[in-house]
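Asks: Keeping their order, the protein sequence lines are chains E and W. Read in the working numbering, the first sequence has 205 at position 205, and its numbers run on one by one without any break. Read in the working numbering, the second sequence has 86 at position 86, and its numbers run on one by one without any break.
Hints should not be assumed to be uniformly reliable.
[Claimed, not checked] According to the in silico footprint, chain E covers these stretches of chain W (three or more CB under 8 Å from chain E):
| hint | region |
| --- | --- |
| 1 | 63–69 |
| 2 | 146–160 |
[Unchecked claim] Here are the simulated DSBU-like cross-link-like pairs (lysine-lysine), alpha carbons at most 35 Å apart as the crow flies:
| hint | chain 1 | residue 1 | chain 2 | residue 2 |
| --- | --- | --- | --- | --- |
| 3 | W | Lys196 | E | Lys55 |
| 4 | E | Lys52 | W | Lys119 |
| 5 | W | Lys187 | E | Lys52 |
| 6 | W | Lys196 | W | Lys166 |
| 7 | E | Lys145 | W | Lys70 |
[Said to hold, decoys possible] Simulated restraints, written as ranges between beta carbons of each label pair:
| hint | chain 1 | residue 1 | chain 2 | residue 2 | range |
| --- | --- | --- | --- | --- | --- |
| 8 | E | Ser74 | W | Lys119 | 44 to 54 Å |
| 9 | E | Arg226 | W | Lys196 | 16 to 26 Å |
| 10 | E | Arg190 | W | Ile55 | 26 to 36 Å |
| 11 | E | Arg226 | W | Gln92 | 30 to 40 Å |
| 12 | W | Lys88 | E | Arg190 | 15 to 25 Å |
These are calculated hints, taken from the structure and not from any lab test. Keep in mind that this is a model prediction, so the values were computed, not measured. All residues carry an ideal CB built from backbone N, CA and C; glycine is no exception.
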Amino acid sequence: MAGAPVTGGRVHADHQPKDGKIFVLFLGSDARSGNPTHSRADGVHLAGINTKTMKGGIINFPRDSWVNIPGSGSGRINEALYRGGPELAVRTVESITGIQIDYWLLTAFEGFQSAVRDLGNVPLEVKQGMHDPGGSGADIEPRTKSLNGVDSLAFVRTRKSLPGGDVSRTSNQGRFLIALLRKLRTDIGRSPGRMFDWMTAARKWTRLDIPPHELFQLGVLTSQVRSQDVGSVTVPVRVGSAGAASVVFIQPGAQSIYDRFKKNGSL
Amino acid sequence: MTTSTSQESKRKPWWLLAVAILAVGGLVAAAMAMTADDDESSGGPSPGIIGDPEIRQAEWRFTVRRAPGKKLSKKQRASFPTQRKKLKTMAQDIFDALFLSPQNQGKALRANFTSSARKSYQRTGVGVPRGADDVRIRRRSAWIVIDQTARATLSVKVVAQGEADKGPFATTHHSVLYAAREKGGWKVFGYEVDQKPFKKQKASNKDDEANDEQSKSSEKSKKGKNKKKRSRDKNRGGDGS
Numbered sequence: 001m002a003g004a005p006v007t008g009g010r011v012h013a014d015h016q017p018k019d020g021k022i023f024v025l026f027l028g029s030d031a032r033s034g035n036p037t038h039s040r041a042d043g044v045h046l047a048g049i050n051t052k053t054m055k056g057g058i059i060n061f062p063r064d065s066w067v068n069i070p071g072s073g074s075g076r077i078n079e080a081l082y083r084g085g086p087e088l089a090v091r092t093v094e095s096i097t098g099i100q101i102d103y104w105l106l107t108a109f110e111g112f113q114s115a116v117r118d119l120g121n122v123p124l125e126v127k128q129g130m131h132d133p134g135g136s137g138a139d140i141e142p143r144t145k146s147l148n149g150v151d152s153l154a155f156v157r158t159r160k161s162l163p164g165g166d167v168s169r170t171s172n173q174g175r176f177l178i179a180l181l182r183k184l185r186t187d188i189g190r191s192p193g194r195m196f197d198w199m200t201a202a203r204k205w206t207r208l209d210i211p212p213h214e215l216f217q218l219g220v221l222t223s224q225v226r227s228q229d230v231g232s233v234t235v236p237v238r239v240g241s242a243g244a245a246s247v248v249f250i251q252p253g254a255q256s257i258y259d260r261f262k263k264n265g266s267l
Numbered sequence: 001m002t003t004s005t006s007q008e009s010k011r012k013p014w015w016l017l018a019v020a021i022l023a024v025g026g027l028v029a030a031a032m033a034m035t036a037d038d039d040e041s042s043g044g045p046s047p048g049i050i051g052d053p054e055i056r057q058a059e060w061r062f063t064v065r066r067a068p069g070k071k072l073s074k075k076q077r078a079s080f081p082t083q084r085k086k087l088k089t090m091a092q093d094i095f096d097a098l099f100l101s102p103q104n105q106g107k108a109l110r111a112n113f114t115s116s117a118r119k120s121y122q123r124t125g126v127g128v129p130r131g132a133d134d135v136r137i138r139r140r141s142a143w144i145v146i147d148q149t150a151r152a153t154l155s156v157k158v159v160a161q162g163e164a165d166k167g168p169f170a171t172t173h174h175s176v177l178y179a180a181r182e183k184g185g186w187k188v189f190g191y192e193v194d195q196k197p198f199k200k201q202k203a204s205n206k207d208d209e210a211n212d213e214q215s216k217s218s219e220k221s222k223k224g225k226n227k228k229k230r231s232r233d234k235n236r237g238g239d240g241s
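Given only the sequences and the hints, what does the whole structure look like? Please build it.
Replies: Okay, structure coming up:
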């Protein structure tokens with residue numbers, strides 16, 4: 001018989017940083033339509049991949065996290081996008097975590113929904129149903145196993161019907177990102193050319209600062225990370241108020257998460 | 001008349017001389033070619049080729065399509081057939097080297113991979129086992145998708161069998177190559193590879209059709225298993241977080 005089975009895969013992209021870690025900031029704007037760059041971000045997620053260990057992680061920030069916005073005083077983390085676009089959001093997260101961010105990707109309601117519609121349903125189990133007719137419009141039955149565009153948007157928006165409110169929603173957004181990764185891997189596994197469908201959806205329905213060539217490499221790289229090797233952590237917060245505003249304060253325990261993420265590129 | 005005849009007789013030697021030179025040249029070239037063939041056959045297969053030249057190898061089957069998305073510009077449309085051809089040649093060069101002439105493997109991979117991807121790909125040990133001989137390719141196909149004439153995925157499947165140091169072998173190989181065009185040429189910067197023994201090779205290899213049937217049934221059973229696995233995964237659902 002032939003030698004031992006050979007299975008594996010690697011990406012050797014020239015743009016990869018020497019220490020093998022790539023960080024991308026995912027921003028979900030609350031803009032229903034129009035320009036999402038000057039709206040508030042209801043989703044702020046820092047995703048990382050370690051290209052040596054092929055493991056990754058996602059840090060999820062609740063939108064009401066009260067933080068220092070560089071050059072713009074204090075405010076909720078979601079205001080950074082409104083005040084200075086994705087670049088300021090990147091600088092804000094960099095200043096909080098001490099992690100240098102390589103790329104950002106921004107989407108809004110319409111783009112998010114359309115991207116999922118174009119790529120196909122996302123496999124994600126929703127054990128408890130979500131019904132929020134007045135808010136996100138969610139009407140997801142219990143034990144739903146895959147989400148279409150409309151349900152996906154509702155899933156990542158819903159907070160009122162969740163016990164933990166916005167913090168639970170933030171965690172759900174992290175879950176959704178991992179489900180997307182799982183879908184990407186399944187799609188590429190069935191047909192590698194599907195990578196270009198994903199790239200097309202990304203270019204069409206999101207704003208991003210990733211050149212096509214690097215997007216391809218990053219996409220290939222991401223598709224080689226197993227979803228079970230990606231940890232999703234929502235920063236620990238405490239509910240409080242800043243003036244009249246109800247906000248959450250990131251707890252000191254978050255620092256160890258940032259440090260671990262910065263060091264390993266994974267969680 | 002006399003003058004013209006004498007002129008013709010003067011021209012004739014030139015014409016004859018040219019024919020003679022061509023004939024001699026042709027003979028010399030043919031003799032050289034024959035000598036070269038003799039060298040190869042006398043030493044067995046040429047150093048680079050491990051397959052018996054008389055073994056009929058499966059034809060390459062290519063499927064090439066353009067990725068969806070932005071329309072191609074005029075320049076890109078004009079360039080598309082060239083890039084398609086280059087990628088086909090790339091697949092042929094790499095996998096024919098891996099399975100039919102391992103000694104040319106380094107050269108083929110150097111020409112088509114980025115340096116680090118080549119090293120890593122070579123380390124996986126894909127291709128035929130050590131001491132492979134009489135390699136017969138039973139199937140080789142490539143599914144190529146090209147995006148904007150600048151990026152491409154190549155999904156290549158090869159089924160090969162032959163003799164090796166440790167006995168007969170049969171292997172099924174699937175590589176996915178991710179290539180980008182840089183400075184006019186295509187380079188593979190990432191890959192995924194899956195190569196495993198195809199089936200047990202019987203001592204006598206008389207009945208290829210029977211083997212084909214076996215391979216088909218094993219593929220079917222694999223598909224069945226995959227279906228089951230998929231349904232298990234589906235049932236599991238899971239959120240991964």
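Asks: With reference to the structure, classify each hint as holding or not holding.
Replies: How the hints compare with the structure:
1. Taking a C-beta to C-beta cut-off of 8 Å, the region 63–69 of chain W contributes 4 residues in contact with chain E, enough for the three needed, and the coverage statement holds.
2. Here the region 146–160 of chain W counts 7 residues with a CB under 8 Å from a CB of chain E, which clears the bar of 3, and the coverage holds.
3. With a C-alpha separation of about 25 Å, the suggested pairing of Lys196 (chain W) with Lys55 (chain E) holds against the 35 Å cut-off.
4. Note on Lys52 (chain E) and Lys119 (chain W): the hinted pairing holds, with a Cα-Cα distance of about 15 Å set against a maximum of 35 Å.
5. Proximity of Lys187 (chain W) to Lys52 (chain E) is assessed by CA-CA distance (about 21 Å); at most 35 Å being required, the pair is judged to hold.
6. Of the pairs offered as hints, the one joining Lys196 (chain W) and Lys166 (chain W) holds, with about 16 Å between alpha carbons and a cut-off of 35 Å not exceeded.
7. Of the pairs offered as hints, the one joining Lys145 (chain E) and Lys70 (chain W) holds, with about 32 Å between alpha carbons and a cut-off of 35 Å not exceeded.
8. Range check, Ser74 (chain E) to Lys119 (chain W): about 50 Å between beta-carbon atoms, so the 44 to 54 Å window is met.
9. Checking the proposed 16 to 26 Å range against Arg226 (chain E) and Lys196 (chain W) shows it holds: the Cβ atoms sit about 20 Å from each other.
10. In this structure the supplied range 26 to 36 Å holds for Arg190 (chain E) paired with Ile55 (chain W), their Cβ-Cβ distance being about 33 Å.
11. A hinted range of 30 to 40 Å holds for the C-beta pair Arg226 (chain E) and Gln92 (chain W), which are about 32 Å apart.
12. Checked against the hint of 15 to 25 Å, the C-beta distance between Lys88 (chain W) and Arg190 (chain E) comes to roughly 23 Å, which is consistent with it.
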